[in-house]
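Can you join these two chains into the complex? Each is in its own frame, and there are hints to help.
Here the protein sequences line up with chains A and B, keeping their order. Counting from 12, one number per residue, gives the positions in the first sequence under this note's numbering. Counting from 326, one number per residue, gives the positions in the second sequence under this note's numbering.
Source of the hints: derived by calculation from the structure; they are not laboratory data. Heads up, some of the hints might be wrong.
[Claimed, not checked] Simulated restraints on C-beta separations:
id: 1; chain 1: A; residue 1: ASP136; chain 2: B; residue 2: PHE646; range: 40 to 48 angstroms
id: 2; chain 1: A; residue 1: GLU88; chain 2: B; residue 2: PHE501; range: 54 to 62 angstroms
id: 3; chain 1: A; residue 1: GLU154; chain 2: B; residue 2: ALA347; range: 35 to 43 angstroms
[As the list claims (entries may be wrong)] Below, a sample of chain B positions facing chain A; criterion: calculated Cβ distance under 8 angstroms:
id: 4; residue: ALA535
id: 5; residue: LEU536
id: 6; residue: ASN541
id: 7; residue: LEU542
id: 8; residue: LEU544
id: 9; residue: THR545
id: 10; residue: GLY546
id: 11; residue: GLU548
id: 12; residue: LEU549
id: 13; residue: ALA551
id: 14; residue: SER552
id: 15; residue: GLY554
id: 16; residue: ASP556
id: 17; residue: HIS599
id: 18; residue: ASP600
Yeah, the Cβ is synthetic: ideal placement off N, Cα and C, and Gly gets one too.
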Amino acid sequence: MNDSPLLAAHGLAWAAGGRPILGPLDLEVRAGECLMVVGPNGAGKTTLLRLLTALLRPTAGTISYRGRPYTTLARRELARHVAYVPQVRPASVPLAVEEVVLLGRYPYLSAFQLAPSARDFAAVDEAMARVGIEELRRRPLDELSGGERQAVYVAGALAQEAELLVLDEPTTHLDARHQREVATLLLRLKADSGRTVVAATHDLNLASLLGDRLLALRAGRATACGSPAEILRSEVLEPLFGTGFEIVRAGERPVTLLQLGP
Amino acid sequence: MRRLRPRSALLVLGAFWLATLALAPLWGSHASLFHDLLRGEPTATTIFWQLRLPRVLLALLAGGGLAVSGLGFQTLFRNSLAEPYTLGIASGAALGAVLALRAQEAAELLGLPLVSVASFAGALGATALVVGLGARGRRAGGDETSTLLLAGIAVSLSCSALILFLQYMSDSTQTFRMVRWMMGGLSVVGYREVIWLLPWVAGGSLFLLALRWDLNLLLTGEELAASRGVDLGRLRLRVLLATSVMIGTLVAMVGPIGFVGLMVPHMLRRFVGHDHLILGPACLLGGGAFLALCDAAARTVMAPAELPVGVLTALLGGPFFLWLLVVRRKV
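Same shape as in the complex, but just chain B (with noise of 0.2 angstroms):
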């Protein structure tokens, strides 16, 4: 496929991104949501800014997180399928959740749900236990970019197991809590939690933006990147101490939704190529259109049920997952 030139693709991102933004909360049940809103009839007013739009808004910073964060990752770890969910970040992150939900549901920490708190507190801690791993490893003369990978597998995989432990040991509604918040959701009121994710994503993703210039070197390979200056142990903790932070947020918000951080990045490469300095916002919008659009296909296709959106993702995920197993080469 022959790539867009980079601005014109960041340009047609954008115009997509603010046709999702202006389109996708009028998207739904309340069919004549938009001539209500019009005439400023009160139940389309709270429908489209109470719940809505924050929404939409909400599916978009989330998606441009996870899809940002799951290409730090696959540059940093050269590996196409890395993103946060296969490292044990999400998976610290929804065992924190998990413990908060067998503990005490409804408690509160600094006005957030408990919830919250803990699955923040399990992205970091994951991802902590991952960079610890990964030096142990190193003094230990082995490669730190393979010893991170697997100890980030490790980790995962533990992480896995203890949730399944702590199911098995809670009772029914408990269990039922902890699977649908292992689902995801991007159900709000208000706008709290567009607030408190704006700052992460958008801080986060200049960091990341900033550091463009090491992470293309990265693809030329350690040796040569190490050679021309950029200390690769910093650049590793840096970039993951970035994500893990956006990570973590994102996670406390909205509950695990996976293979967005995957799935963008790799469709994005297609069309705008691999450079840093383009794919990164490339993946921002993008991600963040691609959760608004599978988000509002959560919400409709068994209306009036409504499909948790992580489900969504997942069902996209496999096939994908699959397809570039078997189709497309590293990287």
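Bound-form chain A, shown alone (with noise of 0.2 angstroms):
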């Protein structure tokens, strides 16, 4: 593995109308690690993804994609190399999910290309075997449950074969059931493909689960980044979200539970 690493960020802003929203950060990413973003909301995390994946222009400062700056990579090329699986998605997407899938090869696609060849396909069905949605190729996307669906995205996002996996809240608006199918698939992801990843969410314990690192984003800013371990203790995480929290440990890892009620 390069010692250089695989993203690099440095003095990274964002503002809306004069009005700062992220920043200035400096972050790194190492290739085949897995960096959770956590922090209240509000605090930044969806506009760091979108920084990362070139949705937004920084306001200031750079981010390259190993060693290259992203002002000098096309969209479809960096594409290949940074897949995206956004939270917000529209609520009716009349395809069925080998459609969907397929689309993740986009960035290879060409506009006089009548059929995709043998080797998108072929990337297709790894993508579908991976995440373990083979059996649902037909069935249309609209017929599936939230954690289904966001199984056949992170297939899309898989299809797309960029090293580079970023995910904004991948388990939010799922039950616990559907929260543990998405958390056992990105498990199995980051032990299998060796695929660097970057996640924002707001549950603790799938970032202590997931995370190699973990980034503690507050009103844009970064408070604090470090392992599991480090960043879920109270000390951190209470002046993060405002409110009490106690810390369990299970097995090797800690568990965060809220303190609720009077």
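Here it is as structure tokens:
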């Protein structure tokens, strides 16, 4: 593995109408690691992810992928290296599962190509197998449960064959069983595929389970960055979220319990 | 409803299109047209080759262009009610035509009637206005797609108001011509209109077909599309330009014919699915056949008088619109 980071951001900042939303912050993501971004609502988590996927252009600072600044990479070229699974998606997508996953091949498809190549179909099959949704292949996306849909979008991102996977709130709006399904899926991906993952989440236990490192954001600034054991401590979490936490240990990893009630 | 396999659906539509091309010219008054034609009777030959066949070809082209444009708009705006007529392009064209009718009806420009040139200019002008307003909305930090949609509706309403004003200010002969023009019609003699329309409809449709991956990806949301390399701004501009040039020429040749771009893509999605690689050509074939059949019906229901085909499509379109609102979910 190369020592230089996969992704490096320096002095990264984004402001909307002169109002600073994020940064300035420095960030390095190493190949193969899983970085979980945590923080309260409005901390700038999604903004950070949108900057990392070039959906937003930074108002200050630079981001580079393997030493190449984003400004020198065409969108489609960047999409071959960085895949995104957004949180907000259309309520209805009138396509079958296979069609949605195939659209992950967009960065490789040309306008003059009548049909996707064998290489594209192989990538789609592999992505669906990895996520375990082959049997859903022909089902309309709109008929699936929230967890299954999330898996389909992750498969689409895998078919993109990007080294870096950026996920926004992968388990939000899912019930316990589907949260578990998605968490298991992400754990398996991390173990088998060697992909680098950056994900934002409100679920501190998911962050603890998946994250090699956790980045704590508050009001657009990085307040802490470190291993789950370093971040999931009441000294870090209470000022971050402005509420009390109880931390227990489940084997190796810390588990947070939100203190509710008077 | 079960979807047909896309390829067989295209074959069925292709066969339907060819059957329309072969049979629609024979349908109508002059019941013995087919026999007279076989006997080489001169009146029948003239009716068939100079009136009926060019008219059916024009309907096939115009209907196809309208349906393809409607499809492009519906995907671009993720809105099942978007079509060139809800978005101001056709109203711009109509305003251009009405202005020309008010000014100097008989004049020609570049060998074409001034009315045609003016309606083409009106379509492009309306598009430029809508795109400009959309870009302004984006700079102000708004959602560009909804800004474009609202701008289109505003431009459409403004053009309609100006048309009403011009009609009120005109004498009764002019007003009658304006109203008649706005009903749309496919009465042509010879192939001039067909030849004018062919490259635009073919070119515009091919251009939109080349964007099929982008349009398919757009179905999964703008954010995902952008993250995979779709330049949303450029895609919007390309789709708007291709459709407005197509609609501009179309309206210039046949007048505003509404609802085809709304109805045909919706009907076809039920049979062939949403993949634009199939749905695009399906709209081109299905839209053409639909308009040709509507026109054949419009020629015959009140024979010997002729109903303008735009009146017929509007009569069908209103209830369809309601059905869409009540029964169908979005896109």
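Inset, instruction - Verify the interface restraint on LEU536 of chain B: the C-beta must sit less than 8 angstroms from at least one C-beta of chain A. - result: holds (7 angstroms)
Inset, instruction - Tell me if HIS599 of chain B is really an interface residue toward chain A, meaning its C-beta lies closer than 8 angstroms to one of theirs. - result: holds (5 angstroms)
Inset, instruction - Note whether the CB distance of GLU154 of chain A and ALA347 of chain B lies within 35 to 43 angstroms or breaks it. - result: holds (41 angstroms)
Legend entry - chain A contact restraint for ASN541 of chain B - C-beta distance below 8 angstroms: This interface hint holds because 6 angstroms falls under the 8 angstroms limit.
Legend entry - Hinted contact LEU549 of chain B with chain A - closest CB pair below 8 angstroms: holds (6 angstroms)
Inset, instruction - Hold the hint about ASP600 of chain B up to the distance rule: shortest CB distance to chain A must be less than 8 angstroms. - result: holds (7 angstroms)
Inset, instruction - May I ask you to test the interface hint for SER552 of chain B with respect to chain A, counting a Cβ-Cβ separation under 8 angstroms as satisfied? - result: Given a least distance of 4 angstroms, the restraint on SER552 of chain B holds.
Legend entry - Per-residue hint verdict: GLU548 of chain B, partner chain A, C-beta under 8 angstroms: Since chain A brings a Cβ to about 4 angstroms from GLU548 of chain B, closer than 8 angstroms, the hint holds.
Legend entry - THR545 of chain B as an interface hint toward chain A, with CB separation required under 8 angstroms: holds (5 angstroms)
Legend entry - Interface hint compliance - GLY554 of chain B to chain A, C-beta minimum distance less than 8 angstroms: Holds, because the Cβ-Cβ distance from GLY554 of chain B to chain A comes to roughly 3 angstroms (cut-off 8 angstroms).
Inset, instruction - Have a go at the ASP556 of chain B hint: is there a Cβ in chain A nearer than 8 angstroms to its own Cβ? - result: Interface hint status for ASP556 of chain B: holds (6 angstroms vs cutoff 8 angstroms).
Legend entry - Hint check: 8 angstroms Cβ-Cβ cutoff, GLY546 of chain B to chain A: holds (5 angstroms)
Taken one by one, the earlier hints all hold for this structure without exception.
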